[in-house]
Each structure stands twice: as structure tokens, then as C-alpha cells.
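Participant: The listed protein sequences derive, respectively, from chains A and B. Per this note's numbering, numbering of the first sequence is gapless, rising by one per residue and ending at 234. Per this note's numbering, numbering of the second sequence is gapless, rising by one per residue and ending at 1303.
Note that these hints are calculated values from the structure, not bench results.
Stretches of chain B that chain A covers, calculated by requiring three or more beta carbons in the stretch to come under 8 Å of a beta carbon on chain A: (1) 1081-1095; (2) 1106-1116.
Mimicking BS3-like on lysine-lysine, the simulated pairs with C-alpha atoms at most 27 Å apart in a straight line are: (3) B/1022 with A/229; (4) B/1100 with B/1138; (5) A/7 with B/1100; (6) B/1022 with B/1297; (7) B/1132 with A/7.
Here are the computed distance ranges between Cβ atoms for each label pair: (8) A/22 with B/1123: 30 to 40 Å; (9) A/221 with B/1123: 45 to 55 Å; (10) A/169 with B/1245: 45 to 55 Å.
For each residue, glycine too, the CB sits at the ideal point set by N, CA and C.
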Amino acid sequence: MIARQLKALMWKDLRVNRLIIVFYFIGAAILTGAAIIILYCILPAPGQPNAPYRSTTQYFGETFTLLMGLTCLMAAMLGANSASAERVDRSDAFLAYLPPSRRLVLFSRLAAGLGLTLGLAAFNLLLIALTYSIGDQHPSRYELRGVESFLVAAWVLFAVSWGAAACIGSSVAIGMVIGLLFPGMLWMSFMNTGWLWGLHGDLAYVTCEAAEVGLGLVALACGYVVAMKRQNSL
Amino acid sequence: MIEPTAEPAVEARGLTKRFGSKLAVGGLDLRIEKGTVFGFIGPNGAGKSTTIRMLMGLLPMNGGDATVMGIDVRQRPEAVRRCVGYVPEQHLIYRWMRVKEVLWFCRQLHEAWNESLARELCQQFELSGQTKVRHLSKGMLAKLALIIALAPEPELLILDEPMAGLDPIIREEFLETVLQSFCRGGRTIFFSTHMLGDIQRLADSVGIIHDGRLLVHGSVADLLSRTKRVRLALERDELPAELPQGVIRTWRNRRECVLTITDCDSQKVQHLEDAAQVRVVEVLDVGLEDIFKDYIKGQREAI
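Using the sequences plus the hints, can you model the full thing?
Facilitator: Laid out in C-alpha cells, this is it:
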């Protein structure tokens, strides 16, 4: 019975978040299109003496690494939307008087949101991997560290947005929190890769990443507890 | 007369809820027998919905305890929701879903679901599965909410002002469906509404709540037969010093006075007739709507 309920709840939660996924793919298509236009119409061809890129593989590899920024933004939106969308439109109240337990409802929201975030990150990684597998070049260590930092940032953004959205009542305030969090986390990721790792080596870098993962876990747990205790809006 | 059964459908003892310093429901005792229709009436803000939400386990209670179909609400609120069909006043069904998706979704969440009943009701209400919930009118939304409540074939149906704002035709259709589809096989209805005519027609027992306190709780037939209005002609501009027990409201206009008396019998009328300078003009039967108004106004005027 619980499996059947979970299936239905997950279906509903995936549908609740579907617009964010559509935005992501539109954003990815725009970024890729812009990258193609810039490469072939504006920049000198790769390999030429004044060209900033050695090869098209490197150019698209870095473009898709930048796409991780959009993945991070979507992770933040998925976190906030999973925790608050049904509370804001009050459909939470409909679910409250149906049989599934509050615990199962929250678990489904979390699983759907996290699953979609992982799906987007996997899609992004696939694009990077495909680019390098087709081309004649391997990603640099710096680039790999960058991807890793972005993945951690996506996790923290998802978790902190989930926690914030569970605690904050107003959708405007939630949007403001995400608006502040997103550039902050991206900046932290760049600092992590470029400064911490470059200057202080692996240990400092890994410590910082671990702290971010820990922060995400705490935010996720806090959001879950608050959402469990929050009275429904019926 | 309703025979008390061993296990009531709903039993609450000292049910209390506070919102900050405001007492929403204060020590409410309630017993609803299985297989009966209970009408729960009260003015806006009296505590009807709060009581229902506590009984459904949707709102934690500050005091007292309650069982619904023998299940302790505090201990097992989810088990209560499994055996109760609930139609709230506001139908907050997912607006982006289609009707068929809502019904599929609800079917997956319920252990028992009578699919043929759901289809039959959809046909009866001319509710198309392809229609999006956001495109349904208020009346159609209420009908969809009713299908969701009836299809799991619950033992208890709680209706919390589900027909507020609906036109009389849809209201009639709604009530007929409830009666035809639900009132078979000794199931119980807990019906909160402002439509007192519906309560008088359908309910076996009634509860009148005001300011979180239950003023009356008993059989509708008893309440109607034992509550009377007594019209008096006064010889002076004052009421008799001693009024009989059970006067719930006094209305006076110079030398005419109307008393609404509960548990009114010939002794009480005689008591009035014996009073000096008072003449009983007539004793009138009262409908549920007037009884309700007199209870509430009597309470307000007493303050």
C-alpha cells in the first residue's frame, strides 16, 4: 500500500516541478545556441594564434561546465518549490485529509526534488563527458575540480533552499533568500576551486567541500522537521 | 429516539482548542451514534470547523480526547483519515490536474476505492475526466470533492459546510447523492452547515455550538417537540419575577412578550399562567431555524 501511495505522490511531485525542468532545458538550449554563435561568428577559430581556445572540444567542455551554474540555480528552485509550492497554493490542505502520513508526503517531495536535481546534474555531466569523448582533448584537473565544486554547490543550494522554504511562509521572501543564496554559493564554488585548492591544496579544498555537504544535510534535516511540525493550511 | 450503540461513531470528551489567548473550542463533549445523521450548527466563528479539524486529526487539541470510529484521534490520526470521508468548505484540489488524474491519484492513496461508484457519480454529475480542475465551477468542484469522499466507501462522512455558495439546484443534487450513495448500510454522517432546513429534514440529532461551547446536543425530533414559543400579554410593563427553567430567549415589546422555552411542558405554561398580571396568549411550535436563532441571540443578549 505504501509503495502505491509513494508512486502516486512521486508522480504528483514530479508534475509540481515540471515547469522548472522545462525552464532548464530552454536555458540550456539558449546557452548552447549562444555558445555556437559566439564560436563561429565572433571569436577567431580555435587553433589560430589569437584564439582564446585551443580546440572546439575545450570550448564546449567549458561551456557545459558553465551550464552547471544553471543546474545550480535549478537545484535551488527545485529545493524551494518542493518544500513550499503546495503550501503557497494551499493544495497542501487537500493532501492533509487524505490517508498518507505526513512523513510519506514529505519524503516523496524530498525524493522527487532531489531526484530531479540529480537528473539535471547527470544530464549536465553527460554533456561534458560526451564533448570530451568525441573530441581530442581531456578535461584539465582545474576543470574537473570546477565540476566537482558545482555539484557540491547544487547540493547545498537544493538543501538550503528546501530548509529556508520550509521555514519561511512568504513566497516572496523565499525568492529573496534564493536570490541571495545563489550568487553566494557560486562565488564560494569559484573561490573553492580557484583560490582554496590552488593555494592551499587538496586538504583545505576537501575540508571545505565536506563542510558544504554537512551544511546541506543540516538544512535538509531542519526543513524536514519544520515541515513535519507545521500545521497544514486547511 | 436514537438507541445508543456500544461504540459511537464519534465521541469527544472535553475537547479544547486555543489559538493564542483565544479559546476556539472549550471543553466540548459530543457523542454521535453509528448509522445516524448528525447536524452541527453554529454561527460563523463558533468553532465548528475547528472541532471537525480536531476530530480529523488535522489540528492538535489542547485538551480532552476524542475517538472516531473507535480510533483514538491523538494516537492514530492517519488511521482516522483512512476511515472517514471528508468534504471541506474550500475545495483545494490540485488545480493543474485533470478530473481523471485527481481520481486516479486519490484511488492510489486509498486502500479501498469503489471505482464503479466513482464512474457512476461522474456520469451522474456530468463531470468529464478530461476537464482540468481549474476550469470547474464551484458547484462542479464540490461534486468532485464529494466523489473523492464517497468512493472509498467510508464508514463516516464529514461534511464541513460543503454547499456554501452553491445554488439550490446543485445543493439539492449534492444532498440527494449523499443520501442515495451513502446512507445505506448504517453509515454515519456528520454534517456542518448553515442550511438549517436541510438539517431539520435530514438529521437525526443536532448540536448547536456557540463561542466554542455546545449549547444543545440531542435528537432533532425531541428538540422540535420540546421547544416552544410562549406569547404572553403583560398587564404591566414588566416581566414576572420568576420565569420557569429553560427560557432560552426573551423578546419583549411594551406589553407583549415572547419566551422561547426548552423542555416546555404544560407545567411550565401553567407556572406562567399562575403569575400575576400575565396572560398566556398562545403556545407556538418552533422550527429548527428559529430555535437556533433564539439560542444564539439569547446567549448574545445575556452578555
